[in-house]
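Asks: What follows is each chain in one-letter form.
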Amino acid sequence: MNVEILSRIQFAFTVAFHYLYPPLSIGLGLVLVMMEARWLRTRDPLYHNMARFWTKVFGLIFGLGVATGIVLEFEFGTNWATYSRFVGDIFGSALAAEGIFAFFLESGFLAILLFGWDKVGPGLHFFATCMVALGAHFSAVWIIVANSWQQTPAGSHLELHGVPAPAGYRLQPEDLGHARMVIDDFWEVVFNPSSMDRLGHTLVGCWSAGAFLVVSVGAYYLLRRRHLEFARSSLKFGLALGLCASLLSLATGHSSAIGVARHQPSKLAAMEGKWETGPDAPLHLFGWVDTKAERTHGPAFPGGLSLLIAGDRNQVVTGLKDIPPDLRPPIQPTFQLFHLMVAIGFSLIGLSIWGCLLWWRNALHDPTRPLTRVFLLLAVPSVLLPQIANQAGWFTAEIGRQPWIVWGFLRTSEGLSKVVKANQVVASLIGFGLIYLLLFLLFLYLLTRKIQHGPEPVEESHTLPKAWMKQQRA
Amino acid sequence: MDYALLWFVIVGVLFAGYAVLDGFDLGVGALLPWIKDDDERRVLYNAIGPVWDGNEVWLVTGGGALFAAFPPVYATVFSGFYLAFMLLLFALIFRAVAIEFRSKEPWPWWRRWWDRGFFAGSTTASFLIGVAMGNIAWGIPIDESGEFAGTFLGLLQPYALLMGVTTVSLFMMHGAIYLHMKTEGALQARIRRWINPLIIAFIVCYAVVTLATLLYIPHITDVLRAQPVLFVFAILLVLAIANIPREVHHGRDGRAFLSSCATMLLLMALFGLGMFPHMVYSLPNPQYSLTAYNASSTRKTLHTMTIIAAIGVPIVLAYTASVYYIFRGKVKVTKDSY
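Just so you know, the protein sequences line up as chains A and B, in that order. With the numbering used here, the residue at position 112 of the first sequence is 112, and numbering never jumps. With the numbering used here, the residue at position 114 of the second sequence is 114, and numbering never jumps.
These are calculated hints, taken from the structure and not from any lab test. All values reported here derive from a predicted model rather than from experimental measurement. Note that the Cβ used here is the ideal one computed from N, Cα and C, for glycine as well. Each hint can be trusted.
Calculated cross-link-like contacts (lysine to any residue; reagent style SDA-like; alpha-carbon spacing at most 25 Å):
no., chain 1, residue 1, chain 2, residue 2
1, A, Lys-418, B, Gln-157
2, B, Lys-300, A, Val-163
3, A, Lys-236, A, Arg-369
Not close to chain A: a few residues of chain B, all C-beta gaps over 12 Å, as computed:
no., residue
4, Ile-136
5, Ile-217
6, Gly-254
A few chain A positions that, by computed beta-carbon distances, are all more than 10 Å from chain B:
no., residue
7, Phe-13
8, Ala-37
9, Val-57
10, Leu-248
11, Arg-262
12, Glu-294
13, Arg-313
14, Asp-322
15, Ala-363
16, Val-374
17, Leu-384
18, Arg-411
Chain B extracted, bound-state conformation (with noise of 0.2 Å):
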């Protein structure tokens, strides 16, 4: 079995189910300064209220994966990107704890500030992970011992800002469905007028990043030419999208996300096809890139892990599903509520 392959796969998995998961959550917390009425704030952090942090999760799990399975490419990229990946978790603090303090005093400036602080963090983690997604894709300065040899503001690249602008833009897209889905009455319709501005901003954004990809990275365009199949996932992406309006245009907003949750798993599927299989790429010297066989733990500890896998996946996926089953439906803010 090649394992090196199927935990390329699981760590793409762990961080495409962070990015559909968590991006409606740092969606929500991006689309929160448009609305201004007390209750109505609540009820957006009500609406990810009970399954934010087990979203979060999937980055923690993500990230474990990572260092099990490739310690190199976790240590290269983690140690490479030091500055940036500690903004995002300051980021991710201040998303966490305002969720946490906000409601939990009654005054205007107390909660002024948590919500101010849980914007600028579900804003700034969301841009940061496009960020370091699109330096991925681009390519980073690795020398022959296989560390980073760039700098903190080689990262600030064209290209990886411009990624980031539109993971904000997708989360954002998302959150909105999300929201949509969860809430009712004027706040729904408010927030249904959002979609489709949304959904453009978005596309437009696509449409700028994939131009870039084709004109300047050929390692990806070269594994898009040598497998035509991969235009199937774009089609397929392509009609994800254009289902969104239209579901929400008849009222299925259970489906309108559905389809949301989709169009993600799509771009983070091409994402993984696009790089395999390299998992950072060099530049200038793509000798000394780190792929998943160059790169990985040895057989045994990936053939455990994928038992370890095998036992526990199945487990969290059906109790994960069982909460989101159990809070389904419009939000509803109570006395347990934050």
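Excised from the complex, chain A in its bound form (with noise of 0.2 Å):
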């Protein structure tokens, strides 16, 4: 295998490992602070002891989410040094910005929010987990807006030698290493015409995630006759975020999608397997790419994807026949794994409806009603649901931007380091196979770990009617 190949797998690998994490802390973080603003207004200490738990899940994902995270910082530059002296003009102030704004907002705050029960006042312990939210959905706003401008560049221009490139032209071998984008206009780039549908649509995954987390383990006590009271409360947090966060996910991704159709059309003719150019183009509900015959079979709603991107099903759109084959994705992945994430957009938004019906009919505490137990039994394992939807429309994303990496200007194969190796790629891969196993299998025990031993015992508390405490303790 070659570097270029090679130094793929293992950004793919580090950054598909890494987003384990941030969505679940990006969700989880928002979670934390409807629980403890709920736990100031009402004072009730089903809410505190529902924080601090949830603080505790919190605090292992962050853990996992900085020690993976360092790592793509260092990559950019290890593996991608082309790419980064050609971005560094314009990427590199969004990654700044992120750590100045973001992360050092999220780790300062962090130690409060963990250690800082008994030594800060509810207020500013309610102030610190607020700002530990804010500053992991931050984190997202600058890694979005670099990703982003990668795809749909703005405000800025190609430069050779550090002379102005004439409109249109395209980088030669022997530019390479002489050749960088140059910022016209920092607001262009921040607002470049994906940043924020594709931001939106991040951030209620990240929703998602973290919510899901909290109705599985609420679903899981509930069928397990534990933590009653807890369980149903933070039931009812995890659905009301993943009702909103799922509905969310739609128009949000209807948004994303009208974007790619107009900025990215062979991403979208490669999210469609569509091959003709033309009107009325067939929305599929699942299919298969038959890339030698360059037809894609599927039960499909004919004109559907014109009218979802235009309102109007004579809207032309290009097919993959009128793309160069050089400047085509990689077809089936991109389909398939879009087509995936639909799929479980849409089974979220079924089960968040339906956990919600129950809730409203007063239902959700029952285990031994029939719908209720369905409903439990499915909502146990839709933890992973948000996880394999974010990371497929990811995928989608990042191999539908193939063969480029900034997009139109820079293609992926152009961006390697040239006096990295194959075998030091290698060796490295195999580093992080190694230590990333690992460390999931920890993190998984220590979950799991941490769920079968549930929340602490409420404290005592004169608000706390005696016989509720016992059966708390229960």
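With the hints as a guide, bring the two chains together.
Replies: In structure tokens form, the structure reads like this:
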């Protein structure tokens, strides 16, 4: 295998592994804010107890996010040096802003969130929780701005040997190392055509990840008849956020897709397996792309794609046959991963509506009712769904961007470090593989153990009726 | 305004901040094997527990600032030091998860293995940071297109290794002084006995490094010769180090720690002044060196980043100081602790 494929595997592996954790900390951070706000309002020790339990889970997740996140910042330079030189003028300011505004905010206040329960008052502790959640959201902002700029570059121009290149200039192999993108307008970079749509879609995906973790654990306790009050209440927090997030995923996903249609037609064509250019483009429910015969098989709504991206069945959609083969992304994975994400998105909407209906009918707490029981049984594994959807969505976005690393300017194959050899990447890839496997197993073990252990019994408090305390302990 | 100079300073300040803050975390890790008792080891972990990941952010932000302000430097150094930086990453990962996982189970074998990971990760990271700085000071082979032209083994040259050892000894000294401030009773008394030997070990290492620098690195000695004012820094450095045992002797452990921080800042300042304007010195072809002027981003980007930093840095400093203030005083191991 050559350096390019190895470096791509390493980046994909390390970023995908890292991305198991930040969505959980972003979503769970928001849940913590909700729980603590509720505690401050009602002073019901139940909410305090919930906040403390979920804070411990948060701490574990956050620790892994920090440990695996630093790798990515190094990898731009270690494996993608030519790309780093090329985009540094633009990408770097976003990354530096991420460090200053987001990472310091999260990690500084995390100390208070985790260890400050007895050191600061409830108001200041709540403030710290809000700042951690805000920092986690900020950290998504800048990295998505940078990634979106790679998808839809704006506010910048190409420079060769320090001189602006003519419009539409295609980089030649001898230009590499002497070419860079130069910023014209910071705000045009930040608000490039895809950044806000993609930011919204990513953040609500993160909310889903946090929400369904809480739903899953709550459902598990209810089925096991443990920590009933805690479980019921956690489930409600999770469902409320899960319903909002899954519905918003639909809306933000829709507007992201319109953006892809406008700015990255080859990605859209691959996502839908569309070969012929023309109006009345179909929308596949699922399917199989036959790349040899250049056809896509599967049930489809006629005209659905045209209708969705333009509200008009006569909207012409570019097909893959009109895109030169060397500018097409890998079609099958883009198509399948995109459809997987959409399918999961709709199941999450269904699941959260079902749960909210049970809540509304006051049936959520009673696992003896068959409908509740089935819901709870489905809710336990639902924690995996947003994770799979988040990963599938990012793989769609990044595979669909190929062959470009910076859309229209620099190819992925051109962004590599020239001095790094294949055997070095093999060595680091094996290292990451072993270490991350170990970390993942330990993470699962400790998370499971924490959930098995459950929340601490509600502390003695005069606000609690005696009988209720007994029920808690049981 | 000379933005290239400004950002050379800011990147330097961020890495100096990293050295001062994460330096004591890494030093604590390197000192762990000398404490045998499990409860006392937990005190060590919890002395850095609330602050270590905020401290590591200084490295992340320093790296981000280097990427933003001097992309060619970031690209050349990170790709050139590929294997060394991968090892650094592995070391930092082990350090981080060891803190997180170690006290989650009571089993002796579990804790023993994570203690080993914490020690190995902290020591390796300190050593590799020193080796990287040693190579940057000594100079590395750069070709005409600005790419690293050396080998991994070439990076393990004597001066860089010496710098690695010096960094480990510096962080151990700094970590011991930090622990002295955060502990009490018998544990503190024991740590107190380590401080003087660690200071002496560091001074010996540093003297050898300085001698080697004066003898073998003409581009740094030329700067020193041209600017005699730098001797003021060197004198301040000696005073700061000499002040540490004095403060420890008088039981002013907070001031001893500040003195140690001042030592590290002065060391980084001397390093930066000796290097400027070079960021990566090219040996044997100095004309290919990457400097703050030939390797910077555009004026516009540096201007934008200056605004971001002017807004963000005071806020960061304010709440970092608040967090240190809230967690001031001696370590208490509670149920929320590591």
